[in-house]
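*Asks:* Chain by chain, the residues:
Number of protein chains: 2
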Amino acid sequence: MLRAVGRHLVWTVDASVEGVHFERRWLSLAEVGARSFHAAVSDLAAMGARPVAALSSLVVPPSLGAAAIRRIAAGQAGAARELRCPVVGGNLSRGHELSVTTTAIGVSRRPLTRAGARAGDEVWLVGAVGLAAAGLAWLRSGRTTPGLPDARSRRAVAACVAAWTRPTALVRDGLRIARVAHAAIDVSDGLAGDVGHVAEASRVRIVIEEPALRTLLGPELLRACEVLKLDALSLALSGGEDYALVAAGPSKSRPPRARRIGRVEKGAGARLEAEDGKLRPLGSGFDHFSGRS
Amino acid sequence: MLRAVGRHLVWTVDASVEGVHFERRWLSLAEVGARSFHAAVSDLAAMGARPVAALSSLVVPPSLGAAAIRRIAAGQAGAARELRCPVVGGNLSRGHELSVTTTAIGVSRRPLTRAGARAGDEVWLVGAVGLAAAGLAWLRSGRTTPGLPDARSRRAVAACVAAWTRPTALVRDGLRIARVAHAAIDVSDGLAGDVGHVAEASRVRIVIEEPALRTLLGPELLRACEVLKLDALSLALSGGEDYALVAAGPSKSRPPRARRIGRVEKGAGARLEAEDGKLRPLGSGFDHFSGRS
Numbered sequence: 009m010l011r012a013v014g015r016h017l018v019w020t021v022d023a024s025v026e027g028v029h030f031e032r033r034w035l036s037l038a039e040v041g042a043r044s045f046h047a048a049v050s051d052l053a054a055m056g057a058r059p060v061a062a063l064s065s066l067v068v069p070p071s072l073g074a075a076a077i078r079r080i081a082a083g084q085a086g087a088a089r090e091l092r093c094p095v096v097g098g099n100l101s102r103g104h105e106l107s108v109t110t111t112a113i114g115v116s117r118r119p120l121t122r123a124g125a126r127a128g129d130e131v132w133l134v135g136a137v138g139l140a141a142a143g144l145a146w147l148r149s150g151r152t153t154p155g156l157p158d159a160r161s162r163r164a165v166a167a168c169v170a171a172w173t174r175p176t177a178l179v180r181d182g183l184r185i186a187r188v189a190h191a192a193i194d195v196s197d198g199l200a201g202d203v204g205h206v207a208e209a210s211r212v213r214i215v216i217e218e219p220a221l222r223t224l225l226g227p228e229l230l231r232a233c234e235v236l237k238l239d240a241l242s243l244a245l246s247g248g249e250d251y252a253l254v255a256a257g258p259s260k261s262r263p264p265r266a267r268r269i270g271r272v273e274k275g276a277g278a279r280l281e282a283e284d285g286k287l288r289p290l291g292s293g294f295d296h297f298s299g300r301s
Numbered sequence: 009m010l011r012a013v014g015r016h017l018v019w020t021v022d023a024s025v026e027g028v029h030f031e032r033r034w035l036s037l038a039e040v041g042a043r044s045f046h047a048a049v050s051d052l053a054a055m056g057a058r059p060v061a062a063l064s065s066l067v068v069p070p071s072l073g074a075a076a077i078r079r080i081a082a083g084q085a086g087a088a089r090e091l092r093c094p095v096v097g098g099n100l101s102r103g104h105e106l107s108v109t110t111t112a113i114g115v116s117r118r119p120l121t122r123a124g125a126r127a128g129d130e131v132w133l134v135g136a137v138g139l140a141a142a143g144l145a146w147l148r149s150g151r152t153t154p155g156l157p158d159a160r161s162r163r164a165v166a167a168c169v170a171a172w173t174r175p176t177a178l179v180r181d182g183l184r185i186a187r188v189a190h191a192a193i194d195v196s197d198g199l200a201g202d203v204g205h206v207a208e209a210s211r212v213r214i215v216i217e218e219p220a221l222r223t224l225l226g227p228e229l230l231r232a233c234e235v236l237k238l239d240a241l242s243l244a245l246s247g248g249e250d251y252a253l254v255a256a257g258p259s260k261s262r263p264p265r266a267r268r269i270g271r272v273e274k275g276a277g278a279r280l281e282a283e284d285g286k287l288r289p290l291g292s293g294f295d296h297f298s299g300r301s
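Respectively, the protein sequence lines represent chains A and B.
Everything in the first sequence is counted per our numbering, starting at 9 for the first residue and increasing by one.
Everything in the second sequence is counted per our numbering, starting at 9 for the first residue and increasing by one.
The set of hints was computed from the structure by calculation and includes no laboratory data.
Every residue gets a Cβ at the ideal spot worked out from N, C-alpha and C, and that includes glycine.
Please note that the accuracy of each hint is not assured.
[As the list claims (entries may be wrong)] Beta-carbon label-pair distances, calculated as ranges:
(1) A:E31 / B:P289: 29 to 35 Å
(2) B:T223 / A:G97: 32 to 38 Å
(3) A:R78 / B:E208: 19 to 25 Å
(4) A:R78 / B:A159: 37 to 43 Å
(5) B:I77 / A:P289: 23 to 29 Å
(6) B:L100 / A:E31: 19 to 25 Å
(7) A:R118 / B:A123: 34 to 40 Å
[As the list claims (entries may be wrong)] Computed footprint of chain B on chain A, listed as stretches where at least three residues anywhere in the stretch have a Cβ under 8 Å from a Cβ of chain B:
(8) 16 to 23
(9) 27 to 40
(10) 63 to 76
(11) 87 to 100
(12) 144 to 151
[To be verified] Counterexamples of contact, computed for chain B against chain A with all Cβ distances above 12 Å:
(13) E26
(14) E208
(15) R268
In isolation and in its complexed conformation, chain A is listed as follows (with noise of 0.2 Å):
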């Protein structure tokens, strides 16, 4: 039970699904009630809000039993003590496959939605982007780090696992985005598709400018991209799960660790353009529904 406060409450809720968000064999017990959870928050972060409480709904195969509840909700409780969300209650049911939904509840003076982008507004990324997608990449290709020819690589592919393993839910960025952006999203289905929701609920166009996105890209990416042969930009554009937040708002009230990727102009949906300045529309993200999970 909240108490109510003279504020905007915002409120979201967010399923893991075992076989479809994640394989057990990729995270500890822990991590998967620890991830679910900052994976939930992270939608408050993107509307600016402080979180408040959480309630958790966990269906659990009977063969776990009380000891693997236990562990996740260890996990959960680390999560909330670090993003201060206790969790106030929730749900067990018995199921054939492991969920954790994750409902939480934040107040904001100011709320973010996806709607509200100006054109001549900056596009900001605070976070990063394919390192997650990285980590998801070796970790299906079933590879063990010990096989990686030098210690460069095995640090490279380690951080990008542990980016998908252990997100974290940017609630102080998310604060300082809203006292001046005009919209925000975290990146949950990768940062193409969710420029494009952002583009879509304001009306504009949202324009990703490569070479600055490029710059954003970090050694541990670019080195576990070689490692896998996977190209370092797309998995930028593509890759979800990392929870890094976009937002659109004016240049001279650019956050401390907002970086710009873009701009937004008149018109509709969302584009990549080039070093030359040729442009190219932007896919869409992550779709659960697609099979490309």
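Following the hints, put chain B in place on chain A, whose structure we already have.
*Replies:* Chain B only, in chain A's frame:
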């Protein structure tokens, strides 16, 4: 997004999982949506809250497709209109088993919990108990109503099946109860178990008076139990999912549709008092992990 109001907010989450809470052959997809919605809002009703809004999180097998999702959503929308609790957002994931998780928020001037029942209170029941369990037993039997000997039996069985497939959250009764009662709960797991929860949270003994409860067992339940060769009193005590309300409050304030079924005393635990005054312990109700589902 919700604007905060100057009252208490109450909040709940509930999951309906295929194979655990329902089988698809027993329900239309619209009924799956409506039923899970009423089950979630019933928890708000028990807290004496007026529903404000809900979020829905669906996990849907890819084989079901978009039309199925629309049918579930139509059932949720119908329940939302009926309960004046709009679905303001949600989440969609694929998964192997169909599940519907509903989180709902309500407001209350004076929210009720399981704690607060006092020695000297009456125990009240609003709504029927046992019908849904009889309906579920019928659905499980695989029998069909044309095989029944007479129209009275067919009507009785149909009423029990409807109680299970199309329950109603007793929101108005919950609001009335909240004005006068000291504690309340909705009967989701079975009267015996749920009364036990109130006794434990309130640190009192609750005595259910068998003769009083027997007078509330309607002709449809009695007839259906004859057909099913089940004991009506046992179903009334242990069968869940009718979403009746049980509350404890002072005799002089008993609301219109509330019926006395027992009393609160100093002590601990839940007891059933037979006609001759003998007390026996009331066992716990429906346990999703016991395999009794």
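*Asks:* All hints are to be evaluated individually against the structure, with a verdict given for each.
*Replies:* Cross-check of the supplied hints:
| no. | hint | verdict |
| --- | --- | --- |
| 1 | A:E31 / B:P289: 29 to 35 Å | violated, 45 Å |
| 2 | B:T223 / A:G97: 32 to 38 Å | holds, 35 Å |
| 3 | A:R78 / B:E208: 19 to 25 Å | holds, 21 Å |
| 4 | A:R78 / B:A159: 37 to 43 Å | violated, 53 Å |
| 5 | B:I77 / A:P289: 23 to 29 Å | holds, 27 Å |
| 6 | B:L100 / A:E31: 19 to 25 Å | holds, 20 Å |
| 7 | A:R118 / B:A123: 34 to 40 Å | holds, 37 Å |
| 8 | 16 to 23 | holds (count 8) |
| 9 | 27 to 40 | holds (count 3) |
| 10 | 63 to 76 | holds (count 5) |
| 11 | 87 to 100 | holds (count 5) |
| 12 | 144 to 151 | violated (count 0) |
| 13 | E26 | violated, 8 Å |
| 14 | E208 | holds, 16 Å |
| 15 | R268 | holds, 28 Å |
Checked against the numbered hints listed earlier, the structure breaks hints 1, 4, 12, 13; every other hint is satisfied.
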